[in-house]
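If you want this note's numbering, it's the position in the sequence shown, counting the first as 1, plus 38.
Rather than coming from a laboratory, the hints here were simulated on the basis of the structure.
Ideal Cβ placement from N, Cα and C applies to all residues, glycine included.
Errors might be hidden in some of the hints.
What the hints assert, rightly or not - Taking lysine to any residue pairs in the SDA-like style, the calculated list, with each CA pair at most 20 Å apart, reads:
#, residue 1, residue 2
1, K214, K145
2, K220, L161
3, K186, L114
4, K128, K145
5, K146, A180
6, K206, K186
7, K146, A92
8, K217, D202
9, K145, T95
10, K145, K186
Claimed, not checked - Taking CB as the label site, the calculated pair distances span:
#, residue 1, residue 2, range
11, P207, K146, 24 to 32 Å
12, K119, Q157, 20 to 28 Å
13, E279, Q239, 15 to 23 Å
14, G178, F211, 37 to 45 Å
15, E270, N120, 18 to 26 Å
16, A180, K140, 20 to 28 Å
17, R210, T98, 36 to 44 Å
18, K220, D278, 21 to 29 Å
19, K154, A180, 28 to 36 Å
20, Y181, T148, 16 to 24 Å
21, Q239, T174, 15 to 23 Å
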Amino acid sequence: MNRTLVIGDIHGGLRALHQIMERANVTTDDTLIFLGDYVDGWSQSPEVIDYLIALSTKQTCVFIRGNHDELLLDWLTGNTKNFDELMWFKHGGEATITAYAKVLEEKKNTHIAFLKSLQNYYLDDQNRLFIHAGFTNMNGVAYEYFPKLFYWDRTLWETALALDENIKPSSRFYPKRFKLYKEIYIGHTPVTHIEKMIPIQKACVWNIDTGAAFKGPLTILDVATKEFWQSEPLHNLYFDEKGRN
39 MNRTLVIGDI HGGLRALHQI MERANVTTDD TLIFLGDYVD GWSQSPEVID
89 YLIALSTKQT CVFIRGNHDE LLLDWLTGNT KNFDELMWFK HGGEATITAY
139 AKVLEEKKNT HIAFLKSLQN YYLDDQNRLF IHAGFTNMNG VAYEYFPKLF
189 YWDRTLWETA LALDENIKPS SRFYPKRFKL YKEIYIGHTP VTHIEKMIPI
239 QKACVWNIDT GAAFKGPLTI LDVATKEFWQ SEPLHNLYFD EKGRN
């Protein structure tokens with residue numbers, strides 16, 4: 039059976055990615071949608087990118103751009119004039135810089151090509167939106183003035199969390215952004231911030247970032263059934279590293 043599976047923020051945790059692929063019994067018939075932030079946190083960012091590139095030769099994969107992926111691209115290409123390297127270093131970049139010290143130039147160029155090929159969002163034929171962070175334009179992603187918000191925005195999730203569940207979609211007070219798409223799948227803001235470690239739905243928004251960069255697991259979810267599978271918490275898989283903790 040062909041499934042569409044969505045995967046949360048990986049943050050250099052290849053061991054967790056192997057675990058969820060195994061636990062979800064992923065086959066080459068499945069379509070995989072990755073929500074971004076493949077890097078920064080644990081020590082295997084280059085290996086994660088290698089794995090994803092290889093995977094895309096075997097089955098249908100959609101790779102969304104995350105803010106950390108863009109930061110890595112800027113660093114690899116020397117585009118650092120508007121770049122706070124110290125800030126990036128503190129938010130997972132340190133492990134990435136260390137890992138890339140061992141990567142040959144030719145492979146770096148392959149990774150640059152991969153990072154440049156990432157999509158800002160993916161809208162499927164059932165009007166389900168897959169995006170790393172969110173969007174701010176009331177008319178939807180096609181009207182966004184500032185594309186960087188696709189991988190930096192937190193207002194979509196914050197609004198979903200704060201929404202009074204008694205307000206009906208027919209109400210003039212119901213946020214217009216939640217009426218545009220059947221479902222919206224995001225990562226970016228870990229649900230561990232609200233002390234959860236499983237995918238959380240608020241309004242039509244599904245947050246799949248279960249805190250793999252920190253002390254949460256990595257998650258893969260079946261878009262049709264909402265069944266999901268998780269890895270071990272990543273600080274257990276990388277017990278001798280700090281990740282972003």
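To see whether the hints hold, each was checked on the structure:
no., hint, in the structure
1, K214 - K145, "violated, 44 Å"
2, K220 - L161, "holds, 10 Å"
3, K186 - L114, "holds, 18 Å"
4, K128 - K145, "violated, 25 Å"
5, K146 - A180, "violated, 32 Å"
6, K206 - K186, "violated, 31 Å"
7, K146 - A92, "holds, 15 Å"
8, K217 - D202, "holds, 15 Å"
9, K145 - T95, "holds, 17 Å"
10, K145 - K186, "violated, 26 Å"
11, P207 - K146: 24 to 32 Å, "violated, 47 Å"
12, K119 - Q157: 20 to 28 Å, "holds, 25 Å"
13, E279 - Q239: 15 to 23 Å, "violated, 31 Å"
14, G178 - F211: 37 to 45 Å, "violated, 19 Å"
15, E270 - N120: 18 to 26 Å, "violated, 37 Å"
16, A180 - K140: 20 to 28 Å, "violated, 41 Å"
17, R210 - T98: 36 to 44 Å, "holds, 40 Å"
18, K220 - D278: 21 to 29 Å, "violated, 43 Å"
19, K154 - A180: 28 to 36 Å, "violated, 21 Å"
20, Y181 - T148: 16 to 24 Å, "violated, 34 Å"
21, Q239 - T174: 15 to 23 Å, "holds, 21 Å"
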